[in-house]
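Participant: Chains W and Z, in that order, give the protein sequences.
Take 1 as the starting number for the first sequence in the working numbering and just add one per residue.
Take 1 as the starting number for the second sequence in the working numbering and just add one per residue.
These are calculated hints, taken from the structure and not from any lab test.
Just so you know, even glycine gets a beta-carbon here, dropped at the ideal spot from N, CA and C.
There could be a bad hint or two in this list.
What follows is a list of derived Cβ distance ranges for each label pair [claimed, not checked]:
no.	chain 1	residue 1	chain 2	residue 2	range
1	W	K208	Z	V110	30 to 38 Å
2	Z	K208	W	M171	36 to 44 Å
3	W	E6	Z	E46	20 to 28 Å
4	W	M171	Z	N92	25 to 33 Å
5	W	G180	Z	D59	36 to 44 Å
6	Z	P259	W	E6	15 to 23 Å
7	Z	S246	W	K208	25 to 33 Å
8	W	P231	Z	E6	38 to 46 Å
9	W	E6	Z	R124	48 to 56 Å
10	W	E146	Z	D200	50 to 58 Å
11	W	H109	Z	D125	32 to 40 Å
2 protein chains.
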Amino acid sequence: MSLKTESFDEASATRIVIERNAGCPDPRLREIMAVLVRHLHEAVRELQLTQQEWRGAIDFLTATGQICSDRRQEFILLSDTLGVSMLVDAINHRKAETATPSTVLGPFHVADAPAMQSGDTISRDGRGSPLVVHGAVLDIDGRPIEGATLDVWQTSEDGYYDTQDPTQPDMNLRGVFQSGADGGFWFRSIVPASYPIPSDGPVGRMLKALARHPMRPAHIHFIVSAPGYQPVTTHIFVEGDPYLESDAVFGVKDALVLPFPMVDDTARGERFGVPSRHHEAEVVIRLQ
Amino acid sequence: MSLKTESFDEASATRIVIERNAGCPDPRLREIMAVLVRHLHEAVRELQLTQQEWRGAIDFLTATGQICSDRRQEFILLSDTLGVSMLVDAINHRKAETATPSTVLGPFHVADAPAMQSGDTISRDGRGSPLVVHGAVLDIDGRPIEGATLDVWQTSEDGYYDTQDPTQPDMNLRGVFQSGADGGFWFRSIVPASYPIPSDGPVGRMLKALARHPMRPAHIHFIVSAPGYQPVTTHIFVEGDPYLESDAVFGVKDALVLPFPMVDDTARGERFGVPSRHHEAEVVIRLQ
Ligand SMILES: [Cu+2]
Ligand SMILES: [Fe+3]
Ligand SMILES: [Fe+3]
Chain W
1 MSLKTESFDE
11 ASATRIVIER
21 NAGCPDPRLR
31 EIMAVLVRHL
41 HEAVRELQLT
51 QQEWRGAIDF
61 LTATGQICSD
71 RRQEFILLSD
81 TLGVSMLVDA
91 INHRKAETAT
101 PSTVLGPFHV
111 ADAPAMQSGD
121 TISRDGRGSP
131 LVVHGAVLDI
141 DGRPIEGATL
151 DVWQTSEDGY
161 YDTQDPTQPD
171 MNLRGVFQSG
181 ADGGFWFRSI
191 VPASYPIPSD
201 GPVGRMLKAL
211 ARHPMRPAHI
221 HFIVSAPGYQ
231 PVTTHIFVEG
241 DPYLESDAVF
251 GVKDALVLPF
261 PMVDDTARGE
271 RFGVPSRHHE
281 AEVVIRLQ
Chain Z
1 MSLKTESFDE
11 ASATRIVIER
21 NAGCPDPRLR
31 EIMAVLVRHL
41 HEAVRELQLT
51 QQEWRGAIDF
61 LTATGQICSD
71 RRQEFILLSD
81 TLGVSMLVDA
91 INHRKAETAT
101 PSTVLGPFHV
111 ADAPAMQSGD
121 TISRDGRGSP
131 LVVHGAVLDI
141 DGRPIEGATL
151 DVWQTSEDGY
161 YDTQDPTQPD
171 MNLRGVFQSG
181 ADGGFWFRSI
191 VPASYPIPSD
201 GPVGRMLKAL
211 ARHPMRPAHI
221 HFIVSAPGYQ
231 PVTTHIFVEG
241 DPYLESDAVF
251 GVKDALVLPF
261 PMVDDTARGE
271 RFGVPSRHHE
281 AEVVIRLQ
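Just chain W, with the same shape it has in the complex (with noise of 0.2 Å):
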């Protein structure tokens, strides 16, 4: 045995580090830190990464875990904006192809919105362009699943969330809705709104640093379960979206973004509860 250290230098670095954590006992745990060291290790000498280059990644972030708060996940953002949190997704979420797929959870989701019945209204104080979303959940076959969960959540038509904005009532654009027997549900709502990421943090900068924005576009977040099927966390899009192609999360997938047709019809607002003039859409959850 040789009571020499082995040289700790550019070629030998990465297996060093690597057999330090040999003696891991997880071996789940020695398999993530084993693969992260090698791409980090590769990126470094592949960059030939200056010294203040690593000290602006530090500082970096430091930022970035300084702003989290319980209100506030800015590393999410990060993985959000790097393709890293729809890659993640696309791996845990490989389905059938006439299944729905997933996309980004997103911050704004909560736990307890109010259970409602069929043909309610989502909107609690009525401001912005009137919707209908009518729907069904089926199976990937094409048959309907009675007694599916719906739990939906979207922005006012400014863009923000009930919880960023503090002119709108509590749980307003919230709510949770159960298919019929033949799969169906609809409710009421408005039009929502494209609308930025926090972008007055570290994200913020570096998108701005890389000439992005920080938009996504307008879209209805939905989480779709039912016994015996994988539940689905998803969104729908407004077909038309200035942002459909650009966004900042790279969340959009093209079957699901849907038309959001103006309807002037005074017979099926009064039908479904709204104007003659109002907005309509059609939605159809596929589970696998």
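Based on these hints, arrange chain Z with the ligands on the given structure of chain W.
Facilitator: Frame of chain W; chain Z with the ligands shown alone:
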């Protein structure tokens, strides 16, 4: 031009994110982001990271940022314990074989340590095993460098820096020396002790989960500079320390490990102003 969004999936994710950043006006930032995104995505793909593991990583990074303060930099500890700091150091300090190699700066340097004269002691409380450090600053061909500045700092016999330990006098075990006409310098001190890096935070929990100890082998820090030469940030390590093979931050290099023999010699003790029984160390710093 297609109106469709390109599908963001496991295969396309990395390319889509890199293309989104392609408008960055700073070519180096663009390169850094592209390389980081590529290696980060590769790691996620290779690990088939679960959403629970992803959330664990988010929470770990958040906690690492949140424990940082004016007095603590946990992301530097993380970089150190993953070998990233020493890898960046190696990349940025390629040198002649004969030059003194660099190692980590560590978090305990202070900018305003007191200027001292040859032979002064940096121990302001006299606690510990007396030590005499003799040395010389040379160029890589062995010629003496006069007027080099040596900024020196170390722990107490208990393994604490003055800034960590209210029982030590201010600026204890710190001093700035100059080399003489022959490149020589000497000072008195005490034998430093091995010590743990801060282990009560996320990095300490990580080391514990990896079955690693948080110890650094005993060392004295030096920053040596002279006009016309590259400054070197380095340590000298105490030969025989039990942690030389397993420094928590991978800072040990063979050329930096020196004997600190015990001497029992009344004449030498009197000559250097230390007890008969004392330790001595002989350091040669070679600047390129
Ligand atoms: Cu890689
Ligand atoms: Fe949203
Ligand atoms: Fe130290």
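Participant: If a hint holds in the structure, say so; if it does not, say that too.
Facilitator: A quick look at each hint next to the structure:
| no. | hint | in the structure |
| --- | --- | --- |
| 1 | W/K208 - Z/V110: 30 to 38 Å | holds, 35 Å |
| 2 | Z/K208 - W/M171: 36 to 44 Å | holds, 43 Å |
| 3 | W/E6 - Z/E46: 20 to 28 Å | holds, 26 Å |
| 4 | W/M171 - Z/N92: 25 to 33 Å | violated, 55 Å |
| 5 | W/G180 - Z/D59: 36 to 44 Å | holds, 40 Å |
| 6 | Z/P259 - W/E6: 15 to 23 Å | holds, 21 Å |
| 7 | Z/S246 - W/K208: 25 to 33 Å | violated, 43 Å |
| 8 | W/P231 - Z/E6: 38 to 46 Å | violated, 27 Å |
| 9 | W/E6 - Z/R124: 48 to 56 Å | violated, 38 Å |
| 10 | W/E146 - Z/D200: 50 to 58 Å | holds, 54 Å |
| 11 | W/H109 - Z/D125: 32 to 40 Å | violated, 58 Å |
In terms of the numbered hints stated before, the structure departs from hints 4, 7, 8, 9 and 11, listed from lowest to highest.
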